[in-house]
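*Asks:* Sequence:
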Amino acid sequence: MPELPEVETTVRGVGPSLVTRRITGWTIRESRLRWPVHLPEVMRGERVVQVLRRAKYLVFVTQSGAMIVHLGMSGSLRIVRRGAPAGRHDHLDVEFDHEVLLRLTDPRRFGSVHYHVGDWREHWLLEGLGVEPLTRDFDGRFLHGVARRRKLAIKQLLMDGRVVVGVGNIYANEALFRAGIRPRLAAGRISRKRYDLLAEAVREVLAAAIADGGTTLRDFVDGSGQPGYFTNSLCVYGRERQPCLVCGTQLKGVRLGQRATVYCPNCQR
DNA sequence: ATAGTCACCTGAGCGC
DNA sequence: TGCGCTCAGGTGACTA
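Just so we're aligned: the first sequence equals residues 1 to 269 in the numbering used here.
Simulated from the structure, these hints should not be mistaken for lab results. None of the values given here were measured: they were computed from a predicted structure. Any given hint could be a false lead.
As the list claims (entries may be wrong) - Pair by pair, the computed Cβ-Cβ distance ranges are:
1) Ser31 - Gly145: 38 to 44 angstroms
2) Pro36 - Asp196: 40 to 46 angstroms
3) Ala186 - Gly128: 23 to 29 angstroms
4) Arg203 - Glu99: 37 to 43 angstroms
Note that CB positions come from ideal geometry on N, CA and C, so glycine has one too.
All chains, please: the whole structure from these sequences, using the hints.
*Replies:* See the structure below:
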């Protein structure tokens, strides 16, 4: 999926065409996503007042509530012209009071779409989410604090959305490489100083990926259908058994909590 | 509370 | 070409 940078890229791509527009209708071609898609009649006629990201959710804030979209592993949202033929995995179109549609494509159907009446922050999927990594709340002190006495591998802690949001498998691997920390280290055994480095690495890698329009492995496209270019800047993800770009040591691939994990046994300790 | 596993689904890539 | 297998960006639910 779409991790934080890809979702942010999507928000920036589709947001400007939709803000101030009125929702005139929608077409659900396939409602069997992660949760059944049901959009209530109260959404019709609502004006979009803001499009934002919270964790990996896109939030289309309206006057009465918000449409909340998650892209799962393979989802993407694009602005297309009305009448554009729908493909096999184009599950939802939302229509507005101008000549374009917001179209959700999601081959694996792990994504989700909800409409929440009221404050979007109170939607059950968003309650209990951790801190945003690009805010000031996220720093070494914070990570060090939540890691206290935890035996969980640091990589898994980084990927726990109740702690910090938006960091998926690609960027967890990349941030740990940049910080020089082994993915399997027990979170509770890492020093405050190293957590300062890690928090900084997470922020840097996410910011760099956003600047490049995200990472495209197979199917991610931005709001206008373009792939992301951060793929070219990945140091470890997808490079197991290849030489480390810094020291030349062969990168090691292991599995951690069912996820592919790659690190440099020399640079990361 | 914490850590580990499973499930959901389609498509791509690989060996045979 | 086709078959069967493994793997893939996420995360809620469930188990010990």
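*Asks:* Any hints this thing doesn't respect? Which numbers, in order?
*Replies:* none
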